[in-house]
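For the record, the sequence lines run as chains R and B. If you count the first sequence from 1, position 280 lands on 280 in the numbering used here, and the numbers rise without skipping. Just remember that the numbering used here sits 1000 ahead of the position in the second sequence, which is counted from 1.
Please keep in mind that the hints were generated in silico from the structure rather than gathered at the bench. It should be emphasised that the depicted structure is a prediction, and the values quoted were computed from it without experimental measurement. Backbone N, C-alpha and C fix where the C-beta goes; we use that ideal spot for every residue, glycine too. Hints should not be assumed to be uniformly reliable.
In silico DSS-like cross-links for lysine-lysine, where the CA-CA straight-line distance does not exceed 30 Å [as the list claims (entries may be wrong)]: (1) R:371 - B:1428; (2) R:285 - B:1428; (3) R:332 - R:314.
Just so you have them, the derived chain R footprint on chain B, three or more residues with Cβ under 8 Å [said to hold, decoys possible]: (4) 1033-1046; (5) 1156-1170; (6) 1379-1387.
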Amino acid sequence: MGLQTGTKISLAAHGLLVSWVAFGAWLPSEPLPLPVQEVAVISAEEFARLSQQIQAPEVSESPSPLTAPATSPEPPEVSVRPETRPDTSTPQSTPAPVEEAPVPTPPEPEPEPELAETLPVPEAPTESPAVIPSLPVPEQLRPADRVAPVPVEAPEEEVAIDDLVQPEVSPDEGALSEQEVQEATAPEAASDRIVTEANENEEAEPTPPVTAPVTSVRPKPRPSRPAPSAVAETPPSTPQTEQASAIEDALAAAIGGGGEVAAPEPSGPPLTVGEKDALRVSVSKCWNVGSLSTEALKTTVEVSVSLEADGRPKNGSIRMVSSTGGSAGAAKQAYEAARRAIIRCGAKGFSLPSEKYDHWRDIVMTFNPEKMRIK
Amino acid sequence: MRRNLTALLASLLVAAAPLLNVGSAAQAQNGPLRIEITDGVIEPLPYAVPSFLAETPAAAELANQITRVIAADLSGTGLFREIPATAHISTVSDFNAPVRFADWKAVNAQALITGSVSVNGKQLTVRFRGYDVFADNELGAGLQFSGTTDGWRRMAHKVADAIYSRITGESGYFDSRVVFVSETGPKNDRRKRLAIMDYDGAGVQYLTNSSALVLAPRFSPTGDRVLYTSYESGFPQIHVLDVGKVQRRVLSADKGIMSFAPRFAPDGNTVVYSQAEGGNTDLYTMDIATGARQRLTRAPSIETAPSYSPDGSQIVFESDRSGTPQLYVMPATGGEARRISFGKGRYGTPVWSPRGDLIAFTKQSKGRFHIGVMRLDGSEERLLTASFLDEGPSWSPNGRVIMFTRETQGANGRALLYSVDILGRNLKPVRTPDGASDPAWSPLQK
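The following block holds chain R by itself, in its conformation from the complex:
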């Protein structure tokens, strides 16, 4: 009985395997590399000292008193009082007690301006005061500072005032083509609040730097999962971050792209929060409430306006939709200030995306001066 071919092959293979295991050590092979690390011999004391540093330091139950930081012998004395203060017991302009009443002085020998025998009767403009040259406008101790939403530092003297910031451009010498000269412009200096004589020093006095930590740093929370995309579907009215705008842009573009299928009329994507904010800021720059009455400053007006495709307002379309908080007269003043803002800042066209014209063709702007009453 002869062996089958498969059995022969199996026997041959197993034989080879046994031979390789038995005689493999005779085959040449490279020794494995051994890592070598230099070490230093340390004493038992050093080892004990190193081991102690790992242990937690001992903390005393009762805190020891801190030594006061070195300071100057005495703080500098702040003198806010005048050299010779008036009697503060009677700040009002009423007369002093009788014992302090000054004795009336007799008429001075020196000539005095003549007393008016009769003064013009305060009736219609027919009275006859002495004709004198008109007085120059008195010097203002404190200029009527411009107050704007964002403080602006005073520009350089030679810079023209404009809402737009642009550098000066002068043509290159020897240029072959004609180059446009551009004048440097910068916004007018402004403060973000009214600075009175009484509170101007509050800004001037530097506050001492605080070096000590006020609160301890809390550990960072575990990263949260991304918020669901529903946030973008209901944009809040407050200004959004760039990220939010980007999300809105993407969503608006996605929705707009599908609009080709089902929209009944050509309609671009809606304005993003960022685009609305840009429009809001543009109008704010020209909304001057400085000359409004206090009642008009309590009046909110809704103004509707239609825009041309290039972003310029159609002046004839501007009208007041509604008003709240003031009389009809105050509403009229508030509306006129709002209308001036729209016309002035829209004269060059509001910067709005032309592909979304359907969405900003008609706008209702609510001018709410609540924040501007006492800025």
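Here the structure of chain R is known, so what remains is to put chain B in place on it, guided by the hints.
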């Protein structure tokens, strides 16, 4: 299984896409875009006032002077800024010719005032129109004032009042006068006289000589009389002076009784004042016609500086009943008073705003004096000034500006009049020929 789920989701999305688009389209179609603007700017409104046209040769000088007074009135408020004539592109050569708004827009003039002046003998006629440049229309109808040439300043003030009112929506204060105490001489020998002038310091005239110390003049509600305190008899007594006739009489003539700090009631028939008797100072009222008096307070403290509310129902005054001078409000007929000032410092000389919504006061705090305003309940206190010595606020007829006394320190220090608006802006001196104190602003002249 997974394949089936993916297919289901895809079909749902496909089905929902048209719905989303319909919603956005509807939003675009259904209404206008809505935005809310809450931030603006506060700055003077630029305006142009080309020199008024002289319609007669005699009117040339007056036309220019009237134009300058109008511009000084408007710019002096701090609410308006005149665009200088050198920047004008357009000229106005005909009062009735259409205005080229584009030229005025180009120089950013938001308001434009044009006018003409004619003189016929002593008769002066001033016509004017105001324009809202960016709205391409008039600010109300044009007006015309007629009077004598001597009254040209008042006519200019009236024009400025009308323009101010049309732009701001509140009445002006330019056609008004101020009575004050004129001061000359060094601090230790100061001579004081009553004087009256236009609100802008023009046309100063003296009402008393300097033979007796005078203090704290106050206008009547109609501006025809002035109350003041005089030391003519050796101790303070209240006098009333007819401004037109410059005639005066003593109102309180009780010997040995000091009366001071008088102020008219809104009806003009009653005076509220302080009376010191036996070392105690309380508030009283007096009927001017009959001399009948009524005592309003009975406290061992000092009650002084009373001021009526515009409707005459309440009185704000100063009292040290709490230990330091503070402000209190009580009914005009007397009764329980409620304290309204609670800040750190000493409060005095309260004056009720003609609008009735604010109370102006003097405050001393940390060695400095302030003029400030607060609400009727003491809230929203706002200090408008700060200096060595500010005191004695007086309201403009429209309640927008406060005039007060500022005294500089030192032996050569002098008192001057200053004005500031109720937001603390536009602080500036009022020009007077000499030192001046205790200003009292008249109502608008009729």
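Okay, which hints does this one fail, numbers in order?
none
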